[in-house]
Amino acid sequence: MSMPEPKQIAGQRRTAFNRRQFLRGLGVCIALPMFESLQPWKAFAAATPGRLANSATGAPLRAAFLFFPNGAIPAAWWPKEPGTDFEFSPTLSPLAPLRDHLQVLGGLDHKQANPGADGAGDHARGNGVFLTGVRLKKSATDVHAGISIDQVIAREVGHLTRFSSLELSSDAVRTSGACDSGYACAYQYNLSWSSPTTPVAAESNPRLVFERLFGAGGPGERAANMKRRQQEQRSVLDFVLADARGMNQRLNGRDREKLDQYLTGIRDIETSITKAERFGAPADPKMETPSGIPSDRVQYVQIMFDMLALAFQTDSTRVATMLLGHDGDDRSLPEAGVPDGHHSLSHHFNNEAKIEKLKKIDHWYAEQLAKFLQKLQDTRDVDGQSILYNSMILYGSGNADGNRHTHSNLPLVLAGSGGGALRPGRYLQHGSKPMSNLLARVASEMGAQNIHGFGDSTGVLEDV
Amino acid sequence: MRRRFEQRAFPKLLIALGHPVLWAIGLLACGCLTVSGAGMDGGASQFHHQIQPMLEEYCFDCHGDGEQKGNVAFDQFKSDQALLENHELWLRVLKNLRAGLMPPPQRKSRPDAEQKEQIEAWIKNAVFKIDPQNLDPGRVTVRRLNRVEYRNTIRDLMGVEFDTQSEFPPDDAGFGFDDIGDLLTLPPMLLEKYFAAANTIVTEAVPSVPAVPAEVVIEGRRFKESAEVQKVNRNGAPAGALVLSYYDAASATNLFEASHAGRYQLLLDFTANERYVENQFDQNKCRLRFISDGKELLRRDYTREGGKAFRYEFDQDWRPGEHELVLEVQPLTPDEKQVRSLTLRVRSVTVRGPMEKQYWVPPREYARFFPRTTPEDQAGRRQYAHEILERFAERAYRRPVDQQTVDRLVGLAEATYSEPGKTFEAGIGQAMTAVLTSPRFLFREEGTESKETGSPVAVSSSRYQLVDEYSLASRLSYFLWSSMPDEELFRLAGRHELHQHLPEQIKRMLADAKSEAFVRNFVGQWLQVRDIDTIQIDARQVLSKDGSADPEREQRLKRYRTLRDKEDATGVSPEEKKELDELRNILFRSFKRPPRVELTGKIRKALRLETEKTFEYIVRENRSLLEFLDSDYTFLNERLAAYYGMTNLNVKGEAMRLVKLPEDDPRGGVITQGSVLIVTSNPTRTSPVKRGKFILENLLGTPPAPPPANIPPLEDAAKAAKGHTLTLRETLALHRDHALCASCHNRMDPLGLALENFNALGLWRTHDQGQPIDATGQLLSGERFTDIRQLKKVLVQNHAVEFYRTLTEKMLIYALGRGLEYYDVGTVDQIVDRLKESNGSPSVLLSGIINSAPFQRTRATPPVDTAKQTEPAAQAAAPAGGL
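Order-wise, the sequence lines are chains A and B. For the first sequence, counting from 1, position 406 maps to 406 in my numbering; every step adds exactly one. Each position in the second sequence, counted from 1, maps to that position plus 1000 in my numbering.
Think of the hints as simulated: they come from the structure by calculation, not from any bench. Note that the structure is predicted; figures quoted are calculated from it, not measured. Check the hints yourself; a few may be wrong.
[To be verified] Covered stretches of chain A, as calculated for chain B (at least 3 residues, CB under 8 Å):
hint, stretch
1, 65-74
2, 168-179
3, 225-234
4, 261-268
5, 379-388
The beta carbon of each residue, even a glycine, is placed where N, CA and C say it ideally should be.
So that you can see chain B by itself, here it is in the shape it has in the complex (with noise of 0.2 Å):
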């Protein structure tokens, strides 16, 4: 008999409550225990009688008696309160229990299906009181827009593209993701970057003045050419730009109709261009010529100018009719060596006039911000100053504005564009200017419903507030689009209607091209293919060790190495030499390649749109999840199958599409995906560690524990493998002598190593560095597969519930912007449950999460109005201790 559970603590809570029979009895009539019934007292209670004897009989051998494995033990509770409080340890146990890693596997005696849900309901009630009716939402801490955000905001908002990419420092992530409240700190240099931001935006967005000359922009490819010139247009010409190469005498014609007679003014833009060729320099020269009407309005010459920039200006006097513009360009080095890397690439040319005032038109965009006549009296302008303001700050705060707000902003306006020589519109811009800085921008300032304005919806049982119908509109806005809410949400929120009409509303929003950013900064950070666009592969090494034993090329080598060694040392024969430079030349011929395949940009974009496309298909079409894991279809365009090597599928062209796998191919579902394989490899080599502890982490939610401090060293283990290379399998092997690195490693190597057969650039092999690559494994929850295909089935056969529980959990931290605590099991079962249900549907998914509690409720004091606000925060916090 095993020492009991330290009693003394406790003896008169055992004899109140001492009846063991009647808490087994109540679990088994309703499965759980509500939390009223499960109070600490019962919680504890029901410990002593239930719970603890189960942990004797499985754990205390580690984790009891005075063991302690892993820092944890059953029996050092300080007081029933401890135990009760100890949120963090009975998270572990209940995900170790689920998952089944603990017990250990290999052990012979443990709990039964039974046993484990006794267990699990005690953690969820008991400890967790988790209240199915009454889920906690938890909190989040206000978030500011990170860099997409901002910039998806400022194009909904303005309608203008701010790069924050490049003007913006990186934010933190956590959780894996950059949009986590707590993360998005603001530090001083950000500010000021916004304040820079915020007056780029709207000198860019906002016209400050109400007419302008007429301006039409064409551009350089518009010029109708002649044959030379269609010749080099291909390559690398930017968009719409006219490209003319500096050896081939060109010209380009465009007619232009102007509309009346007058002063018109002529911009020529373009660059002067130089591809980079190795130690190669081009002196070449031409000349170019800008003709209108038959009258020469430039001509100059140009060499390599590095990718200057040139912009002309020519006015001209126009009567009304047809134009003739013509660029012409001659070489004027006809002998000169052609490295061909020289062109102008002409952007546009701008007509823009007339000149005289009673032909100015409203500038781009005016009506965006200015919808009518700005009023001359002092009044009327700062009534319609008042109008204008108004909306705007509602738009760019996302919620009513105060009066007192609007007031302020009309001042700011008024003051300004009272100056001298300021017009109307600048004034405006400078209010805007003044919103865009603002932390209500910034940030998402949340709400919840009062009361007196609650529709039929916000009156539940929950004890937890709804956040208003504002606040929904962000939180479904940034979590579908990664932007602001569009007129439709606004005017949905401000009618108190969107509650009622959420499951359109989902379905409208997913339809819109904006939930592209859905796809791409959800699937992007849950499985790391935004890192496709950066990781740096070494083509040319991991090719190389692609190839199957070669011992021809072994034998050369050997003596290669022999002969350089003899050079060095005391010299060779004329004979030795040549043989040397031949054998250095057979070696190492492919060296001077170009390696069969490469990483480029486009191949890049590919492969994350592949994994990009699957994610959109599956969600779009409302597949199964599972698809994830396992498909017999995949995307790719003709460069991607080209890539991979799939040649016979007959994809052509740019364009992504769905392709339906051969028979029995490896490909399909995430991990077989060039772009997860990739950024879970080593520059030079593929890593099984990283690619298992990938999908442990990603795909089924048991992320090993980190690596220990002190990595004991492996030498010892490896120089018994003396004289032949180990091969990564039996590395690996040594690894998981070591019991430190076996408890993780026993989970990571099977998985990782089942996917030996793509190497660091995702693509097919059967032998790594001459040997024949094995791919059989078993999971330590006892499944054997002989390769990747058949772990495939496996995962989606056997592990499809921790599959779902992970994606779930994902999703909410992408769409709370925190990350989870214990008392969001009870949101995450609701939701795997419903997804049990519905095998793996992703609109179940998508509106269980839309219709969480952390999603539509907050713990948090109701701030709405400053004036009315009467509660003390700490009071409202109250209800979330609840213990």
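This is chain A alone, in the form it adopts within the complex (with noise of 0.2 Å):
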């Protein structure tokens, strides 16, 4: 075959322009635009039987799982005493002007984490069981950990918006070389299972976010994209099908399980199809589309918090995770003041000055959770609330304290007010129960039904 010379398509020929435009029209500090247009599900929440992810008064209620890498310095995190008018510690002081809005959760362990009989590991067993909450499988290609609490949530409500979930990341670049310890990558690089041995993957580039919510093109051209695409996703969808299943007839073992992953994406791409057309054209932002990963870092964690965000404001979805950097990153974040690694500082042996460093680091991941929950706060939803109001915004580590890999008194703070039905404003100390506790409960706010027996729960966690 002869080889011309290659065209040069699809993400190549963007070039950064867009970013920069983009970040001026939306900006990383700037509030989400109003878009008093973007309220399709207005009508259709009130439509919603019972309190599934709907408030009290109707509107939509949200869940969002965040994740930060490697635990924080625990002296530095934990507020001095417990309740309601603590004093903000010095990495949780960005937060402080959202005391009303949040809470600080003490007390809640992943002992599931812990290395027990599998020996070393712990990071890929605290990003793996963060919120799955079992224990998993120690092999590097045998994957089995357990269904995660926001697909418990999307299987039970997914049905009411576009997607059933949404899957980010800020975490972009992965390393060559084994993972951690013995233990598959997908562990360590996935929060989302939607089955024991199907981790869902995460979305980093915030153009492919905003494309797959919107549609691809500028304002105004994006409802008819969108359209276009699934019409012709929908015409190739009889040829492809028979070409799976004479291939499944062909196959055996290990390799059916892949052709079911294809027939699974093909299930969800008939569903998105059919829910395309009961909740007619998705709503179209003012904006350019994002284009592409911005090379500074608090740009591209807030650009992803702003996809996220809209994607609630536009009730789009209800549940949503975000891995801000997987567990044992090893990132400088000069953008910190720290140019040394995440991972290697956090195994301080208690030296001061790499205590220090990793209390800025710990310090400025809080700053971009302050800036992406002021945003909702900002913004209003149907019934006057702000959308924080309306949310369960939980954010947190797999590990404790990362110079000694412990997962007890994990670092938590859930924001938002659940539409009324948690209490925020509190820093709580619950003892040593497990975390599973407090996501079966996150779930049951969401009307989930099926959260009994959820990871290693052994309730729902009363005091929220």
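Assembling the complex is the task here: the two chains are given apart, and the hints tell you how they should meet.
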């Protein structure tokens, strides 16, 4: 076959200018644009029976689970005294303006992340157990975790929105070589699991998230583009299904599992086509599509948060996860004033200088969270409350003390009032309870029925 | 006398087969046992008589008689069967024995060479049941194309580049590689992207109409420039663009020859760029004019536009002959402050026309997809669609396609092109989109040789079936090109001649430029040099640690801190204030300057290429693989030579070239290349532990166990050294006082510390934080060395076999797309033996892998034709169980 000069297409053609334009329009610190026209859920929400992912007022209720890597220096993370008049710790000080809208949760553990008989691999476990609450199978290829809480919720409320869930990550680069201590990399890079053997890959490119939510192209063209895309999808479905069935007959064992994944994907596409018919055209934010991954870390994290905020604001989904960085992340964060690798630092052996640097990193992550929460707080929902009020945003890490790889008393912040169901404005110490109980509580607030026996939960955490 | 192995379970066996002498003679006579001779009874009996006494003598102190260090006890098997079926344990025993790690080297009583051989042979024959004539090929899970393979396959199939790196999520990797079938999952989100990609690709690649107006793209650079333009045309301009500055008047001209009279369209494409200069905004303006044959088509003013793209279209009625196109820039704000950051980059001017239909031409690449004129009649069209789509689907699926599939594709095409307003081409495009979305494209489906069509080669003594010729073609092409087979491979597979022509084909494929993908993807992952593109290293921090001790500076720093604290606490006198400012100036002057070197994009690329070129050179020139460990040459360009400080070698220009190193130069071999040194460093400093681990894992094949879950704190020990900052070497020495840490750190640290003369940027240094560097050491295997030069010699002289085995294993994993299992020991050993004989010949390695059982054969059921498939899956998998 001859090899002519290849044409450059797709992502490559887009140049950097879009990003700056986008940032100028949306901005790292600028609040989300209000779009009054973007309220396709209004009529719909009222029709939703019971309290399935709805607040008492009928507004949508959302849950998001955000993960930051390598734990936090406990002394700088925890406020001094539990209660309502607690004092913000140095690390969490950026969140102080939001005190009435969040709670700091202490005394929650992930015992399944402890080594037990499995030995090394606390980062794989910290990450993989975070939303699943189960023991991970220690294997490089034979992956087995558990269904994650966001997917538990999505199964029950996913039909209410265009996307049953959204998985985001601001950790786009993978290094080569093996992952943590004999664990498959999948554990360390995925928060969401739709089944014990199926991690749900996260989207790390803001442009692709945006195009997925609202369609490709500029403002005004998106709905048509999305419609065309779905027509194109529909037109080849019959053919590829026949191909897949034929192929399935020729395969066996593990090969069939691969084909099953293909068929699951096909079903998802069919569902999204059906949903598109049901929900009509998606919202069309009056802004440029982000062009790609910004090189600046603050901008990158904030753009991904913006995508999440947009998804909630437009009621494109009610459940989301975001991996700010995978556990064991050794990224250097010059943006936080720390050039050293985060993970290497986290084994500080009580070296003061290193601890100081880690505090800066922990503080930096809290700052990023604060900006996101503030944005949600400043955006009004259909019922006049803020989006934050009608949300439950859990922020935390799968390691408590990164130096010693502990998984008890995990650093956790739960923001939002859950539409009035939660009692924020407190620092709570729960003693020593499974974090799975907290996850079960969030799922239960979302209206999920099927939470009994989730992970290693022993019940539903009451005092939240 | 030690307590004997738990014998009660096997008294009968021992009586029945108890002739130790016979066993021993058998071993000595042929050096190995055939599978039939070492059935379960034989294997167990041999164990009790020959192997167990050796284990008792050398291993039971820690792994028997109640001891079970590392959870290993050789006298706790529940039965003979359990003993023989514990493949995992015996694989560990084999590896540790071969590496000399067990029994621990410091022990006095260790098995001699002959005894070791006996144990090895027993493990391979009795436990693993390795039959050299019938090596178990294992089975690989059907592989999805990874990002790289998808991109290359699309390039070769469709003739377009699709940027999978930014469009698709990263692939999960395992065993160090991203082409492992088991781990290449297909999440729903990715399938959605495959659908979208297929559309984008077909839209870009496949013409949807038979004829279009002719189009000539005149690259910006082809505009003839005035002197002013040339001045700014150098830096950072994208290839082919014309860069015009806002600050200088300039004009550039191109003459276009129109062939016919008619209506033409001119398309002007440019961007208005701004280079970011910290906190400075450039408010200059300029005017751009675009003139055709003296007629002004565009006159517009530009200010800061933030990189925005502009595109203008103009209609022209042209006579045949020459037409003059001029681009002219005029600065408008001569008095404004110039930050010199603003430019217009003219990518191209496109001349489209004549627009009159009689002059239209087939679109670019039309013949690639549509080899002849489209028939007018319905039946003719259907026949033509059949031809095109059958050929296309065969290429895309990389194997013959049944008529049913082709018929369905034709139906799909027909449904589209029968719609009003739709072209035949659009219909074909629609069917091609379906093909690119099919699992038969996205996965590499394989088949086996069926007996009826068996070529002479297929008939062999092995009980495992050969994969069919199309599968072999794909295995070859994805191994060596990370892409689909080309015409020649397809042709040979179609004629059933590929097996016969393997040696020539391997040669041809390696000579092809596409084999660069093999170099890049294999080396990039084996030696992790892929990571050099993204790794973050703080050059300033790294360089600041390299200086020798500077007491004067220490003194100043001390005084500075005293005064600063005083200023904060009580305030300082004017004299002290002055002194403080002076000190601050002297001490922190260096922070204002950019560091001496930095890991720029171009340096990163050169560093990556240095390693890739080394690999390519060794393989293409068939030199010894041992040159990876030590050589008297490397690959440099001017930039990299300067980076390394090797300025006396007279290396000029951007191109990487083979450079002979000066006598006694510490470089040469991959472990002293910047790429490897950097990817094994931390962002601000070296990590001897990471470097040592890297060598053990990737060159010697004896990776240390992962660190224990609860790392014991070192601070108590560290406190003992209070008074001075511990050097890295001292800190690590503390580490090794802990028995728990020592077992691995004794192996990692000496290797890593030997590389301490290279900082985290891969640059040579003599001091670390004021202390002279001590690179001496001793390996666990006993050899002493004074520095990295000697260490490399030791590795070549004493550890070549470990290196051969490691490289063979890594390349086999990459080639097969699966991790290695115990039964692969036979395959690897055969290749390593040949490498030993050939003194490490790369061609022996490559042909060894390609001719190996797992590369050519499969354990799986023959799928081939659904209709003919009668054997149930379980039955075919049976030989694998084997026990």
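Practice task
Tell me if chain B covers the stretch 261-268 of chain A under the three-residue, 8 Å CB rule, please?
Solution key: holds (count 6)
Exercise for the section: Report holds or violated for chain B covering the stretch 379-388 of chain A, Cβ cut-off 8 Å, minimum 3 residues. Expected result: Coverage by chain B is violated for the stretch 379-388 of chain A (0 residues, Cβ < 8 Å).
Exercise for the section: Check, residue by residue, whether the stretch 65-74 of chain A contains three or more positions whose beta-carbon lies closer than 8 Å to a beta-carbon of chain B, and give the verdict. Expected result: violated (count 0)
Problem - Coverage of the stretch 225-234 of chain A by chain B (three or more Cβ within 8 Å) - result: holds (count 3)
Problem - Given coverage of the stretch 168-179 of chain A by chain B, tested with a Cβ cutoff of 8 Å and a minimum of 3 residues - result: It holds, with 8 qualifying residues against the three required.
In this structure, the hints that do not hold are numbers 1 and 5, in rising order.
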